[in-house]
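Q: This is what each chain is made of:
Protein chains: 2
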Amino acid sequence: MHLGLIGYGSIAHSLIGMLPADRVPRVTVLVRPASLDKAKHDAPPTGSGPAVQVVSTLEGLLAARTGVVVECAGHAAVARFGADILRRGIPFIPASLGALADADLHENMLQAARTGGARLTIPAGAIGGLDLLQALALNGPPRVTYRGIKPPAAWKGSPADAIVDLDALATRTVFFSGTGREAASAYPKNANVVAAIALSGGGFDHMKVELVADPEARANSHSYEVISPICTYTIEIANSPNPANPRTSMTTVASLLLEILRHDPQEPL
Amino acid sequence: MHLGLIGYGSIAHSLIGMLPADRVPRVTVLVRPASLDKAKHDAPPTGSGPAVQVVSTLEGLLAARTGVVVECAGHAAVARFGADILRRGIPFIPASLGALADADLHENMLQAARTGGARLTIPAGAIGGLDLLQALALNGPPRVTYRGIKPPAAWKGSPADAIVDLDALATRTVFFSGTGREAASAYPKNANVVAAIALSGGGFDHMKVELVADPEARANSHSYEVISPICTYTIEIANSPNPANPRTSMTTVASLLLEILRHDPQEPL
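So the protein sequences, as listed, match chains Z and S.
First residue of the first sequence: 1, per my numbering; consecutive thereafter.
First residue of the second sequence: 1, per my numbering; consecutive thereafter.
These are calculated hints, taken from the structure and not from any lab test.
Careful: at least some of the hints might be erroneous.
[As the list claims (entries may be wrong)] Covered by chain Z, according to a simulated footprint, are these stretches of chain S (three or more residues, beta-carbon under 8 Å): (1) 5-17; (2) 31-39; (3) 134-146.
[Claimed, not checked] The following label-pair restraints were derived from C-beta to C-beta distances: (4) Z:Gln53 - S:Ala63: 45 to 51 Å; (5) Z:Asp42 - S:His206: 34 to 40 Å; (6) S:His206 - Z:Lys38: 40 to 46 Å.
[As the list claims (entries may be wrong)] According to the in silico footprint, chain S covers these stretches of chain Z (three or more CB under 8 Å from chain S): (7) 99-106; (8) 127-134; (9) 217-231.
Computed from a predicted model, the values in this text were never measured in an experiment.
A virtual CB, placed ideally from N, CA and C, is assigned to each residue, including glycine.
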């Protein structure tokens, strides 16, 4: 399988490092023109893992005739390239799912997927349990409440600064409660997880989000609760930081790898 | 899409009732020869939902040239038909996953899937979170502990009878603790859930199972805990009984439907 990647930051490097070269021998990476020289320099030497080719235009990526394309370059890259890729019939896996909180963009991408007959995959990312949520949603939108819990210091620089005194917080405090769409817009660092749950369930407007600063918390964690007529469940997840880049969750990388392997037509397992 | 089903009991009937006829207009059901007349009588009248055809031999099912085949007939049907279907290149979704606790049968089916180039899908069934578990397992087998929790009366007729006095139980009691393989063999009613987790993680022998009788429990519930170097999570699930048949979980039906729709090559969403 020939994999397409958009972006060549820490997620892309971690992902390439995990690719089984016998199943994904070739990768073509789309980077910004300004990053082309650096990216060529960063590409692993021939012989270690998959062969990596770097291009700087969408035309270059399309000309490489890759199978599935994975985006790991940020929300703007989903908006800029996603629909064109799907329209060409190429399956697309966006890591930056938060971009789909823009309802027009989401609709545009769904149309492109239909036109191209190509799948738009929602990877589990830093969260899980989307398998059950997607199954329950077939029966009507479930009631979902998501909680993002971080130590107070981790919320610095977000709108939380203006709502609570993060330095003085003594107890676990819910400082935001709103819809998924409101949360994805105001707290972009949580947007990808919120979007993964929203897109698997009843959408951004039918999902409640609570953001929590907890002085007892040692790491970031996610939890959500689902109530539907046929099942209720809760899931609580604590991700370990990626040693190479604490801002990148390794579960995000692992879930992208899983979805890539599931798209491999040669290896059905 | 033309769906193949093995078995025509309550799961099959619930599933057929949920199929969107515009996406799955045709179903061929394999039943035992002795059940053929009854099954023909049970088939819904033309015009309401998908058109249902009933056959009584594997040859009849194969001759119908269905897309994906879903098994909902019990463990014996997986053992009898699964490998043949996969070897013919037809994707196979077994609801009775517990059959794969038989290591020889499991290996045989994986070989058949490779030979046929057809996918063997593990549906989430009565459980969820397998998306994250499968992603984590790419990094090596996670540590998994599953707990099946039921009211004492629900364990009657199982080996638990000989271990604890179910009628007199006053507190929540773990009466079984062992590997996934031991649990699937001794407690067949939990085998499908145990197998779904085992097959998504590190296998039956690298999974701990605890079975619990809880006088406070009002319904059956499942929970499991996953510990891996990159993430830990817990999920707790309480399924509502299917009003048509309390022994069948509606989440099982919904997750089969989700996997069927995901196999539809005409509708990528």
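Q: Looking back at the hints listed earlier, which ones does the structure fail to meet?
A: Failing hints, ascending: 1, 2 and 7.
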